[in-house]
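Protein chains: 2
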Amino acid sequence: MKIVIDAMGSDSAPTVEVEGAVQAVEEFGYELVLVGDETIIKEELKKFGDCSAKISTMHAPERIEMHEPAAISVRRKRHSSIVVGLELLKREEADGFVSAGNTGAVVCAATLSLRLLPGIERPGIAVIIPTLAGASVIIDVGANINPKPIHLLQYGIMADAYSRYILHKTNPTTGLLNVGEEESKGTEFIKEAHTLLSESKLNFIGNIEGRDIYAGTADIILCDGFVGNVILKVSESIVDTIVKALKQEIKASIIATVGAALAGSAFNELKKKMDYAEYGGAPLLGVDGRCIISHGSSTSKAIKNAIRVAAEFKTQDVNKHIVEELESY
Amino acid sequence: MKIVIDAMGSDSAPTVEVEGAVQAVEEFGYELVLVGDETIIKEELKKFGDCSAKISTMHAPERIEMHEPAAISVRRKRHSSIVVGLELLKREEADGFVSAGNTGAVVCAATLSLRLLPGIERPGIAVIIPTLAGASVIIDVGANINPKPIHLLQYGIMADAYSRYILHKTNPTTGLLNVGEEESKGTEFIKEAHTLLSESKLNFIGNIEGRDIYAGTADIILCDGFVGNVILKVSESIVDTIVKALKQEIKASIIATVGAALAGSAFNELKKKMDYAEYGGAPLLGVDGRCIISHGSSTSKAIKNAIRVAAEFKTQDVNKHIVEELESY
Numbered sequence: 001m002k003i004v005i006d007a008m009g010s011d012s013a014p015t016v017e018v019e020g021a022v023q024a025v026e027e028f029g030y031e032l033v034l035v036g037d038e039t040i041i042k043e044e045l046k047k048f049g050d051c052s053a054k055i056s057t058m059h060a061p062e063r064i065e066m067h068e069p070a071a072i073s074v075r076r077k078r079h080s081s082i083v084v085g086l087e088l089l090k091r092e093e094a095d096g097f098v099s100a101g102n103t104g105a106v107v108c109a110a111t112l113s114l115r116l117l118p119g120i121e122r123p124g125i126a127v128i129i130p131t132l133a134g135a136s137v138i139i140d141v142g143a144n145i146n147p148k149p150i151h152l153l154q155y156g157i158m159a160d161a162y163s164r165y166i167l168h169k170t171n172p173t174t175g176l177l178n179v180g181e182e183e184s185k186g187t188e189f190i191k192e193a194h195t196l197l198s199e200s201k202l203n204f205i206g207n208i209e210g211r212d213i214y215a216g217t218a219d220i221i222l223c224d225g226f227v228g229n230v231i232l233k234v235s236e237s238i239v240d241t242i243v244k245a246l247k248q249e250i251k252a253s254i255i256a257t258v259g260a261a262l263a264g265s266a267f268n269e270l271k272k273k274m275d276y277a278e279y280g281g282a283p284l285l286g287v288d289g290r291c292i293i294s295h296g297s298s299t300s301k302a303i304k305n306a307i308r309v310a311a312e313f314k315t316q317d318v319n320k321h322i323v324e325e326l327e328s329y
Numbered sequence: 001m002k003i004v005i006d007a008m009g010s011d012s013a014p015t016v017e018v019e020g021a022v023q024a025v026e027e028f029g030y031e032l033v034l035v036g037d038e039t040i041i042k043e044e045l046k047k048f049g050d051c052s053a054k055i056s057t058m059h060a061p062e063r064i065e066m067h068e069p070a071a072i073s074v075r076r077k078r079h080s081s082i083v084v085g086l087e088l089l090k091r092e093e094a095d096g097f098v099s100a101g102n103t104g105a106v107v108c109a110a111t112l113s114l115r116l117l118p119g120i121e122r123p124g125i126a127v128i129i130p131t132l133a134g135a136s137v138i139i140d141v142g143a144n145i146n147p148k149p150i151h152l153l154q155y156g157i158m159a160d161a162y163s164r165y166i167l168h169k170t171n172p173t174t175g176l177l178n179v180g181e182e183e184s185k186g187t188e189f190i191k192e193a194h195t196l197l198s199e200s201k202l203n204f205i206g207n208i209e210g211r212d213i214y215a216g217t218a219d220i221i222l223c224d225g226f227v228g229n230v231i232l233k234v235s236e237s238i239v240d241t242i243v244k245a246l247k248q249e250i251k252a253s254i255i256a257t258v259g260a261a262l263a264g265s266a267f268n269e270l271k272k273k274m275d276y277a278e279y280g281g282a283p284l285l286g287v288d289g290r291c292i293i294s295h296g297s298s299t300s301k302a303i304k305n306a307i308r309v310a311a312e313f314k315t316q317d318v319n320k321h322i323v324e325e326l327e328s329y
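One line per chain: the protein sequences are A and B, in this order.
Just so it is clear: in the first sequence, position 50 is 50 by the working numbering, and no numbers are missing.
Just so it is clear: in the second sequence, position 258 is 258 by the working numbering, and no numbers are missing.
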């Protein structure tokens with residue numbers, strides 16, 4: 001198992017990428033390639049003694065910044081860590097790729113170099129979210145902000161394979177995110193997607209609403225990349241807001257402070273369950289390769305787990321299952 | 001001041017509507033009209049002694065249920081509490097209308113009977129949300145799931161007047177909800193709206209992201225009704241999920257249970273701040289009248305506060321300010 005890591009991606013690059021890689025080697029024993037500015041990466045690697053048996057580096061002098069426009073930066077920065085790293089996958093010199101960098105650039109570069117799976121027209125980013133009923137998958141969260149109805153069906157088929165082979169769900173349910181449960185609700189785009197999904201072989205439970213997402217009503221939540229992106233960012237910020245607001249309230253009262261200290265274990269357990277770092281990264285489903293996108297503010301633990309997810313994709317041969325399913329349509 | 005209340009709207013109708021009306025009379029002294037099944041309403045009113053000096057009833061034998069299609073039900077049920085109540089406003093026999101019923105039906109009936117303000121093409125529902133920086137307004141949350149860019153500019157102008165005259169903000173900032181901060185981001189719809197907003201007289205701060213909503217980055221958040229509706233429902237459900245999950249964790253530990261009891265005051269303070277019932281209802285901005293839409297699961301307190309909001313709209317003459325602002329364009 002050989003996984004390539006964009007060492008220049010995250011907000012704390014390359015520190016968390018190097019740390020995450022070292023942790024992944026210790027825990028899983030994979031072979032890893034860190035792509036980016038070799039001088040800086042090697043400097044970071046020194047902190048962990050001699051890792052050269054399992055971790056190699058590949059020089060990529062350019063870096064695509066978070067706010068650069070995706071398509072232009074990928075075309076211009078052929079020597080960036082994202083483009084160079086994905087080329088390794090294209091040449092089949094590695095099994096998977098992990099990046100916490102510019103999401104748009106990763107989607108663009110992966111689509112260009114890995115190409116799409118047969119039958120897939122647009123890739124989608126699938127994110128695992130914690131719900132009251134366990135883990136669910138939401139797709140797409142930003143690869144394609146203007147999809148066609150058929151793309152939502154393709155997302156559904158891909159997420160179904162993902163849920164079966166990575167989350168080990170036997171007959172995952174699929175819901176279409178809408179403003180109401182009734183078939184008559186929604187835009188033309190949503191109504192057409194509803195028809196396609198109803199006629200599919202998916203375990204489609206119909207429209208679901210915003211409130212159903214974290215209730216765990218569906219194992220798979222389908223939406224366009226604009227809505228998915230907003231949901232994900234709103235969700236993160238609400239959790240932050242509640243924690244900050246609670247802290248403000250608690251500070252104002254001595255009894256509450258003591259109480260909060262005693263209740264601390266419960267808070268920490270919850271925080272662990274809500275921690276995206278446990279899931280590590282979101283696969284870009286639909287490309288002919290294994291590309292995992294991590295959060296720009298990833299911790300080393302998130303990077304380690306993203307590496308694990310990339311490896312599981314290979315072991316479980318998720319893409320083969322997606323293609324087989326698509327062929328049956 | 002005379003406010004009309006759809007007594008058959010909420011999930012607990014007419015109990016919460018009648019209770020809320022009685023509370024509003026006690027607290028604010030307005031004159032109120034409860035519209036709906038008179039026999040049932042009068043039965044409820046009996047619980048509170050003789051309220052006939054301030055609360056009258058108007059019979060409307062039909063009821064539009066939550067899941068009925070909006071346009072059809074409004075056309076067919078001319079004797080429903082929503083249609084009959086709004087007719088009172090149309091005939092200028094009352095100053096405002098409050099309903100916790102079928103949102104789509106209220107939007108449709110209000111647009112048909114009250115008509116739109118000059119210069120407004122589509123109405124929008126404006127909801128006040130609590131943020132780390134105070135109250136913000138998000139518009140639209142579901143009146144119009146397929147708006148044109150110009151509608152977002154109109155929402156912005158209306159929400160600006162709302163923020164100035166109801167929330168008493170001096171120079172409210174307006175943000176356009178997008179998947180990134182850069183001007184180049186988003187769909188064609190969003191890019192066109194961005195151009196219109198940039199050229200407007202609003203205090204436009206550009207694109208904002210999902211994470212900015214509860215951080216309070218903008219006083220006014222503009223989005224289409226599909227996205228707004230999903231955000232609102234997701235937000236509610238996340239708060240519920242966190243509370244439920246925390247309770248599960250806390251139950252699992254005796255020390256945490258004691259701690260939670262001690263920290264309880266902080267929880268309650270926070271809950272109060274996050275309580276939508278404090279704001280009561282969301283105005284349907286753009287109709288030539290004062291129409292406040294409340295949550296289907298409203299409490300009597302929420303109904304009472306929605307009545308207050310309707311009255312404030314009259315006192316502050318928000319619609320006049322909106323029209324003046326629109327005329328300057």
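Please note that a few of the clues may not be correct.
Said to hold, decoys possible - Here are the simulated lysine-lysine pairs, DSSO-like style, with alpha carbons at most 27 angstroms apart:
| id | chain 1 | residue 1 | chain 2 | residue 2 |
| --- | --- | --- | --- | --- |
| 1 | B | Lys244 | A | Lys169 |
| 2 | B | Lys2 | B | Lys314 |
| 3 | B | Lys148 | A | Lys191 |
| 4 | B | Lys191 | A | Lys233 |
| 5 | A | Lys2 | A | Lys314 |
| 6 | A | Lys233 | B | Lys320 |
| 7 | B | Lys90 | B | Lys320 |
| 8 | A | Lys244 | A | Lys201 |
| 9 | B | Lys301 | B | Lys247 |
| 10 | B | Lys244 | A | Lys247 |
| 11 | B | Lys247 | A | Lys244 |
| 12 | A | Lys233 | B | Lys185 |
| 13 | A | Lys148 | A | Lys54 |
| 14 | A | Lys148 | B | Lys148 |
| 15 | B | Lys185 | B | Lys201 |
| 16 | A | Lys169 | A | Lys90 |
| 17 | A | Lys191 | A | Lys201 |
| 18 | B | Lys233 | A | Lys244 |
| 19 | A | Lys191 | B | Lys191 |
| 20 | A | Lys233 | B | Lys233 |
| 21 | B | Lys185 | B | Lys233 |
| 22 | A | Lys201 | A | Lys148 |
| 23 | A | Lys247 | B | Lys233 |
| 24 | A | Lys233 | B | Lys247 |
| 25 | A | Lys148 | B | Lys191 |
| 26 | B | Lys233 | A | Lys148 |
| 27 | A | Lys233 | B | Lys244 |
| 28 | A | Lys301 | A | Lys42 |
| 29 | A | Lys148 | B | Lys54 |
| 30 | B | Lys247 | A | Lys247 |
| 31 | B | Lys42 | B | Lys90 |
| 32 | A | Lys233 | A | Lys247 |
| 33 | B | Lys314 | B | Lys169 |
| 34 | B | Lys244 | A | Lys244 |
| 35 | B | Lys191 | A | Lys244 |
| 36 | B | Lys314 | A | Lys191 |
Claimed, not checked - Sample of chain A residues facing chain B (criterion: CB under 8 angstroms; computed from the structure):
| id | residue |
| --- | --- |
| 37 | Leu177 |
| 38 | Asn203 |
| 39 | Gly206 |
| 40 | Val230 |
Everything labelled a hint here was simulated from the structure, so no lab data went into it.
Because the structure is a prediction, the values reported are computed rather than measured.
The C-beta atom is built at its ideal place from N, Cα and C for all residues, glycine as well.
We went through each hint and held it up to the structure:
Taking the CA atoms of lysine 244/B and lysine 169/A, the gap is near 24 angstroms; set against the 27 angstroms cutoff, the hint holds. Note on lysine 2/B and lysine 314/B: the hinted pairing holds, with a Cα-Cα distance of about 10 angstroms set against a maximum of 27 angstroms. A distance of roughly 19 angstroms separates the Cα atoms of lysine 148/B and lysine 191/A; the hinted pair therefore holds under the 27 angstroms criterion. Between lysine 191/B and lysine 233/A the alpha-carbon distance is near 20 angstroms, which keeps this suggested pair within the 27 angstroms criterion.
Our distance criterion of 27 angstroms between C-alpha atoms is met by lysine 2/A and lysine 314/A, whose separation comes to about 10 angstroms. For the hint pairing lysine 233/A with lysine 320/B, the CA-to-CA distance comes to about 36 angstroms; that exceeds 27 angstroms, so the pair is violated. Restraint check for lysine 90/B and lysine 320/B: satisfied, since their Cα atoms lie roughly 17 angstroms apart, inside the 27 angstroms limit. As the CA atoms of lysine 244/A and lysine 201/A are separated by approximately 44 angstroms, the hinted pair breaks the 27 angstroms bound.
Annotation: proposed proximity of lysine 301/B to lysine 247/B holds, straight-line Cα distance about 26 angstroms (limit 27 angstroms). Our distance criterion of 27 angstroms between C-alpha atoms is met by lysine 244/B and lysine 247/A, whose separation comes to about 19 angstroms. Distance hint between lysine 247/B and lysine 244/A is fulfilled; the C-alpha atoms sit about 19 angstroms from each other, no more than 27 angstroms. Between the alpha carbons of lysine 233/A and lysine 185/B the distance comes to roughly 16 angstroms, so the proposed pair stays at or under 27 angstroms and holds.
Of the supplied pair hints, the one linking lysine 148/A and lysine 54/A is violated, its CA atoms being roughly 43 angstroms apart against a limit of 27 angstroms. A C-alpha spacing of about 19 angstroms is found between lysine 148/A and lysine 148/B, which places the hinted pair at or below 27 angstroms, so the restraint holds. Of the supplied pair hints, the one linking lysine 185/B and lysine 201/B holds, its CA atoms being roughly 22 angstroms apart against a limit of 27 angstroms. Taken as a hint, the lysine 169/A and lysine 90/A pair is broken in the structure, with Cα atoms around 30 angstroms apart against an allowance of 27 angstroms.
Of the pairs offered as hints, the one joining lysine 191/A and lysine 201/A holds, with about 18 angstroms between alpha carbons and a cut-off of 27 angstroms not exceeded. Among the hinted pairs, lysine 233/B with lysine 244/A is consistent with the structure: their alpha-carbon atoms are about 21 angstroms apart, no more than 27 angstroms. Restraint check for lysine 191/A and lysine 191/B: satisfied, since their Cα atoms lie roughly 25 angstroms apart, inside the 27 angstroms limit. A hinted pair counts as satisfied when its Cα atoms are at most 27 angstroms apart, and lysine 233/A with lysine 233/B qualifies at roughly 14 angstroms.
Our distance criterion of 27 angstroms between C-alpha atoms is met by lysine 185/B and lysine 233/B, whose separation comes to about 25 angstroms. This hinted pair checks out: lysine 201/A and lysine 148/A have alpha carbons roughly 19 angstroms apart, not beyond 27 angstroms. Note on lysine 247/A and lysine 233/B: the hinted pairing holds, with a Cα-Cα distance of about 25 angstroms set against a maximum of 27 angstroms. Only pairs whose Cα atoms come within 27 angstroms are accepted, and lysine 233/A paired with lysine 247/B is accepted, the gap being roughly 25 angstroms.
Restraint check for lysine 148/A and lysine 191/B: the C-alpha separation of about 19 angstroms stays at or below 27 angstroms, so the hint holds. The straight-line distance between the Cα atoms of lysine 233/B and lysine 148/A is roughly 24 angstroms, inside the 27 angstroms bound, and the hint therefore holds. For the given pair, lysine 233/A sits about 21 angstroms from lysine 244/B by alpha-carbon distance, which is consistent with the 27 angstroms threshold. For the hint pairing lysine 301/A with lysine 42/A, the CA-to-CA distance comes to about 20 angstroms; that is within 27 angstroms, so the pair holds.
Taken as a hint, the lysine 148/A and lysine 54/B pair is broken in the structure, with Cα atoms around 55 angstroms apart against an allowance of 27 angstroms. Of the pairs offered as hints, the one joining lysine 247/B and lysine 247/A holds, with about 18 angstroms between alpha carbons and a cut-off of 27 angstroms not exceeded. Distance check on the hinted pair: lysine 42/B and lysine 90/B sit about 25 angstroms apart at the alpha-carbon level, within 27 angstroms; holds. A distance of roughly 21 angstroms separates the Cα atoms of lysine 233/A and lysine 247/A; the hinted pair therefore holds under the 27 angstroms criterion.
At roughly 18 angstroms between alpha-carbon atoms, lysine 314/B and lysine 169/B fall within 27 angstroms of each other, so this suggested pair holds. Distance check on the hinted pair: lysine 244/B and lysine 244/A sit about 19 angstroms apart at the alpha-carbon level, within 27 angstroms; holds. A distance of roughly 33 angstroms separates the Cα atoms of lysine 191/B and lysine 244/A; the hinted pair therefore is violated under the 27 angstroms criterion. Taking the CA atoms of lysine 314/B and lysine 191/A, the gap is near 39 angstroms; set against the 27 angstroms cutoff, the hint is violated.
Using the Cβ-Cβ criterion of 8 angstroms, the hint placing leucine 177/A at the interface with chain B is satisfied: the shortest such distance is roughly 6 angstroms. For the restraint placing asparagine 203/A at the interface with chain B, the shortest Cβ-Cβ distance is roughly 22 angstroms, beyond the 8 angstroms limit, so the hint is violated. For the restraint placing glycine 206/A at the interface with chain B, the shortest Cβ-Cβ distance is roughly 13 angstroms, beyond the 8 angstroms limit, so the hint is violated. Satisfaction of the interface hint for valine 230/A is found here, the shortest Cβ-Cβ separation to chain B being roughly 4 angstroms, below the 8 angstroms cut-off.
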